[in-house]
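Here the protein sequences come in this chain order: A and B.
Under this note's numbering, read the first sequence as residues 1 to 266, first letter to last.
Under this note's numbering, read the second sequence as residues 1 to 271, first letter to last.
Hints are all accurate, no fakes.
Chain B side only, calculated, beta carbon under 7 Å to chain A, not exhaustive: (1) F64; (2) P82; (3) P84; (4) M88; (5) E92; (6) A94; (7) W98; (8) F107; (9) G108; (10) M111.
Read the hints as simulated data drawn from the structure, not as lab findings.
For glycine and all other residues, C-beta sits at the position ideal for the given N, C-alpha and C.
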Amino acid sequence: MAKKSGGSVVWSLAVPVALLAIWEGLSRAGVINPMILPSPSAVFLRWIAYAKPMMPFDPVEGTYVAWLFSGELLHDAAASLYRVVMGFLIGAGLALPIGLLMGTSETVYRLINPLLQILRPIPPIAYIPLAILWFGLGNPPAFFLISLGAFFPVLMNTIGGVRTVDAIYVRAARNLGASGATLFWRVILPAATPHIMTGLRVGFGVAFIVLIVAEMIAVNNGLGYRILEAREFFWSDKIIAGMISIGLLGLAIDTGLSRLSDHLLR
Amino acid sequence: MSASDAARPEIVIRGVTKVFEAEALGTVVALNGIDLDVAKGEFVCLLGPSGCGKSTLLNAVAGFSLPTSGSIRTNDVEVTAPGPDRAMVFQEYALFPWMTVAKNVAFGLEMKGASKAEIKEKVDGLLATLHLTEFRDRFPKDLSGGMRQRVAIARVLAIDSPVLLMDEPFGALDALTRRNLQDELLRIWSEWRKTILFVTHGIEESIYLADRIVVMTYRPGRVKKIVEVGMPRLRDVSSPEFNTLKRELTEMVMEEQRRHAEAETRPAMAD
Ligand SMILES: Nc1ncnc2c1ncn2[C@@H]1O[C@H](COP(=O)(O)OP(=O)(O)O)[C@@H](O)[C@H]1O
Ligand SMILES: [Mg+2]
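With these hints in hand, go ahead and build the complete structure from the sequences.
Structure representation (structure tokens):
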């Protein structure tokens with residue numbers, strides 16, 4: 001089996017490695033203008049420079065660990081992470097209780113659902129002008145937009161999760177003497193958790209997209225801001241290094257959420 | 001318990017009719033004028049082909065779906081809602097997948113507000129009775145069908161209801177596991193003196209288990225015949241007596257099955 005899995009690693013790496021090699025070769029031969037598309041090695045070096053501390057280590061300035069984390073990339077990543085987590089928490093934090101209420105109460109559902117159906121098709125990005133008008137620049141409009149991105153996926157999945165809880169669980173629980181709030185907390189909510197977790201993951205995906213857009217218009221740090229800034233200097237290598245960083249951050253968060261979901265859904 | 005108490009039936013079903021108004025199929029009379037008494041400590045099987053209203057009757061006794069007309073009383077109390085005095089075991093097990101085996105078994109006790117110590121003692125005892133002790137911290141998805149149904153049985157035994165309602169509980173199990181659980185159930189029934197109303201479409205299963213077998217007709221569901229099974233337990237499925245009864249019941253059920261097939265010109269609802 002070890003041989004087979006070793007083989008599959010070779011298989012899965014074959015195409016990316018070949019592409020990188022061709023790309024590198026063409027760049028070195030001068031076929032591609034590095035301004036348009038820098039070589040992979042140039043991107044890699046730029047990425048290292050982006051991640052590295054900008055000043056040499058100086059004990060007067062602070063601890064070694066602080067210095068180690070003083071690079072521009074880590075500051076940007078931290079700023080982006082902060083924004084997306086805050087926005088996500090606000091959006092999901094509002095969507096969860098509303099969704100649970102709409103899922104359990106037919107009356108609340110009938111009252112709120114028409115409004116949702118009107119608002120839901122508006123992409124969060126379309127709120128940018130309003131966000132700036134209402135909140136100015138800086139983090140507040142970013143929080144607003146990101147939370148909007150997370151809100152609807154979490155809401156829709158929570159409503160769906162609660163409304164489609166398998167009737168047999170409710171029957172079994174009622175038969176064993178559960179009712180009212182106990183039935184809700186001990187049975188309906190856990191039974192809806194797989195759906196809710198899906199909503200959280202999808203919601204985070206949308207929040208992450210909105211994050212990058214929001215950083216391009218409303219703030220002056222973060223990964224999204226940085227790649228737009230790099231464009232003004234025609235630093236295509238830094239643009240790509242920034243994009244890769246964005247991808248890695250997204251991957252890390254999604255992996256974390258997927259672990260959390262596996263843990264909750266054992 | 002006084003003598004008159006013991007004489008009074010545990011479950012009294014009188015003139016129970018259930019009509020479903022389903023959009024696609026129009027009106028379905030699932031049950032029509034069912035009368036049935038089940039004595040305390042009796043083991044009664046409801047037998048009939050699929051679609052003849054067995055689950056409907058059981059759900060009415062459980063209080064999940066009340067009859068359109070007629071009355072059901074258990075222990076002289078009218079059934080109006082589900083309750084822990086009539087514990088249900090489902091064919092699909094209906095275990096809570098987010099709880100361990102022990103938590104599933106403890107659920108009904110927690111609902112009753114039992115103390116931690118009492119819960120632990122009862123759960124430990126039940127897990128031992130059903131040979132589940134080593135699985136106590138597993139989740140249902142890690143268990144075989146037979147094991148899951150053992151957990152479901154332990155879960156309803158925990159709330160100590162006098163009546164057990166079972167809807168084809170062993171229907172999804174292989175023959176060997178089924179026989180095993182049937183024996184287990186008979187042991188529990190005779191030890192705990194439960195009143196059991198057991199739905200099955202298995203003729204052999206009904207003869208193996210029941211004191212009395214209630215054969216039902218297909219649409220509208222009525223009581224076709226009530227058969228006493230006089231044989232002592234554990235019953236030998238290869239004995240001539242067993243086979244005579246089996247032939248007799250097969251004839252009755254086949255007759256209803258044919259009426260079912262004839263009615264199947266329209267697509268049936270899930271049973
Ligand atoms: N919720 C329902 N709505 C409409 N028809 C139903 C419903 N439940 C059962 N029925 C119908 O009632 C009849 C009896 O069903 P059921 O009690 O499930 O039969 P059994 O358990 O004997 O297989 C069937 O014809 C079925 O189609
Ligand atoms: Mg049925």
